[in-house]
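Enquirer: Here the protein sequences come in this chain order: V and D. For the first sequence, full-length UniProt numbering begins at 1 and goes up steadily by one. For the second sequence, full-length UniProt numbering begins at 1 and goes up steadily by one.
Read the hints as simulated data drawn from the structure, not as lab findings. Heads up, some of the hints might be wrong.
Since the list can't tell identical chains apart, any single copy or any two copies may satisfy a pair.
[Said to hold, decoys possible] Within a straight-line C-alpha distance of at most 25 angstroms, the following computed SDA-like cross-link-like pairs (lysine to any residue) qualify:
#1 K200 x A312
#2 K200 x S295
#3 K200 x R189
#4 K200 x S309
#5 K200 x P188
#6 K200 x P306
#7 K200 x G305
#8 K200 x I225
#9 K38 x S168
#10 K38 x T166
#11 K200 x T187
#12 K200 x S296
#13 K200 x V310
#14 K200 x R308
#15 K38 x E167
Single-letter residue listing:
Number of protein chains: 2
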Amino acid sequence: MAIQSPSMAAADMQPAPFLAADVGGTHARIGLVSPTGKRTEPVALLRYATYECAQFASLGEILRLFLADHALAPVCCGSIACAGYPEGEQVINSNLPWPVSIPELRAALGVRELALINDFQAMACATEFLGADDTTLIAGPAAVASGPVLVMGPGTGLGAAVRIPTESGRSIILSTEAGQAAFAPSTPRELAVLDRLLRKDAHVPVEQLVSGPGLHTIYRTLGLIEGSPAPLESPARVTDAAIAGTDALARDALDTFCGLLGSVVGDLILLYGAQGGVFMAGGILPQMRDFLQHSSFHARLLSKGPMRSVLAQVPVRLIEHGNLGVIGAASWFLQHRSGVLSVKDRM
Amino acid sequence: MAIQSPSMAAADMQPAPFLAADVGGTHARIGLVSPTGKRTEPVALLRYATYECAQFASLGEILRLFLADHALAPVCCGSIACAGYPEGEQVINSNLPWPVSIPELRAALGVRELALINDFQAMACATEFLGADDTTLIAGPAAVASGPVLVMGPGTGLGAAVRIPTESGRSIILSTEAGQAAFAPSTPRELAVLDRLLRKDAHVPVEQLVSGPGLHTIYRTLGLIEGSPAPLESPARVTDAAIAGTDALARDALDTFCGLLGSVVGDLILLYGAQGGVFMAGGILPQMRDFLQHSSFHARLLSKGPMRSVLAQVPVRLIEHGNLGVIGAASWFLQHRSGVLSVKDRM
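Extracted from the complex, chain V is given alone in its bound form (with noise of 0.2 angstroms):
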């Protein structure tokens, strides 16, 4: 299906240009989008910033200071890819320094259409609009491959969603809480992990141990088990140290880390699918792209039994997070919110 874009009954009437906004645990990027017209590249970004969420007292705040600085128009519309499980309007998130709650946004701004959804949701879309200079290929076969594709990322938490194609030519896109289910170790090293781990909370998500603020509890757990000191205060000490080779503690965590990424990541291939690839995301994967592709990081994702051929058929990219959530959240709603962006809503 042709992505559905608002009608122009001549060149001069452009559609009126929307807010798009990607928000994750550390950072709210946010964009001021048009429609373009075209399938292979739905929007147009007019404007864009980024900010750090801890530095707001909301996301409110946020957009009304982007508004404020880069708005050429009252804007009438929206959509919000946030991290977390959007339930009804709101957002079930304990990564974010705030809670979002669509209608109070939507009533601060005087927006009256607001959507809001999944952060990787969003990253899944824009991924259909990425071409090959986009990606860095970390494993696997360089062919294209047909069949769902996974978008996943660790970053302040681990997202994924699926973009699945059909027969009909449009994709679907699977929401998932991917980094809240279950965390399973495949070494002594990691049952030694989630068993202190465990010790604290029944229940150890996945993203407690792949994402940022998880390779750092990785580094302390390791420390704690083996009796070494872990002065090292975030992640990305800890993989500056661990790239530098200057701590032996922070090239252990890192390398379990690695692995780890790459058991998850063979684990999510095959839960759905996704033949048609990987694509790894997230803010903390771009500074330690050389160390894991010296990784164990491949050969862990192909350790699954009699699944390795089927694995090692899938290929997996690295893209740099950037804008391509804020393209995803526009492109998503101009597909499933065409309506409120018609030419005689601008009037």
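Once you have looked at the hints, place chain D on chain V.
Expert: Relative to chain V, chain D alone:
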């Protein structure tokens, strides 16, 4: 989308009956079916028989026997739903007693068109035609829910598929290899079981524990851990002894199994965003239904941290496997291969 059915120019021009099979690790269920043209019940089951796989030298032998006993006229096409991963026209599955090759079957049976799908893909397809009377509510609300529907079941292995409703009214079926993903333990006992199993294999898939043979593996492994003799020789005997209360180790094993099953179902709901509910099928569940309902199954399903309130809204139902896979294989075939059943083909 209405299911495509062969055109019938006159009442006496019935479309030709075709073959539909549902082949699991233990039983092969074979049907001779006829399209009805009705959306709510697209096929009629003319003949049906079940066979124990291990008693035959090949699937071809079973199908030849069935056709000899039940076919009213030569059959020109059919659909095989098969446990395992369909790769091209072969099946990757270590749980079947023999290899399955569609080209070989097509030649051996003289059948022109034979399609291959995953068995749970067929089951998921069939759930669209289930009435409320066909299921037993095990946990969650009785209210009809909307969203993706998970169909999963422990039998010889662990199968799962997801039926995703779309805006067009047509469902998309996502085929999975969920049973091959890594097993996630959540209690000291489950950690100890996994620790034992990882000493033999680098990959312990979920189905190594959550399946019929898996129940027996839990029983034997708990026996090893506790130094208790474990004389019962089959999963059915473990289930019987646990229910009869005659064997503490068997009871422990079945308790552990039910808790694990709950944890896995909870994870799969999160992984698939399966707000539309869960249908549990599989040969071993009906025998333990009452035990399951009074076990830790639902508490473990809900024990997923902040996702508890979301999971509590998901109805979990038990379905008797019966001929559901055959109905599903036939329905899938009608939707995807309607061309081969046109009236012209019968002349």
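Enquirer: Hint by hint, note whether the structure agrees.
Expert: Now for the hints, and whether the structure bears them out:
1. K200 x A312: Close across copies (23 angstroms), not inside one copy (37 angstroms); limit 25 angstroms.
2. K200 x S295: between (30 angstroms within a copy, 24 angstroms between copies)
3. K200 x R189: both (18 angstroms within a copy, 16 angstroms between copies)
4. K200 x S309: between (38 angstroms within a copy, 21 angstroms between copies)
5. K200 x P188: Cα proximity of K200 and P188: in one copy and across copies (19 angstroms, 12 angstroms).
6. K200 x P306: Close across copies (15 angstroms), not inside one copy (35 angstroms); limit 25 angstroms.
7. K200 x G305: between (32 angstroms within a copy, 12 angstroms between copies)
8. K200 x I225: Answer is both: 15 angstroms inside a copy and 24 angstroms across each meet the 25 angstroms cutoff.
9. K38 x S168: both (18 angstroms within a copy, 22 angstroms between copies)
10. K38 x T166: So K38 and T166 pass the 25 angstroms test inside a copy (20 angstroms) and across (23 angstroms) alike.
11. K200 x T187: For K200 and T187, both the intra-copy (21 angstroms) and inter-copy (12 angstroms) Cα distances are at most 25 angstroms.
12. K200 x S296: between (29 angstroms within a copy, 20 angstroms between copies)
13. K200 x V310: Answer is between: at 23 angstroms across copies they meet the 25 angstroms cutoff, but 37 angstroms inside does not.
14. K200 x R308: Between copies, since 18 angstroms is at most 25 angstroms while 35 angstroms is not.
15. K38 x E167: both (21 angstroms within a copy, 22 angstroms between copies)
The structure meets every hint from the earlier list without exception.
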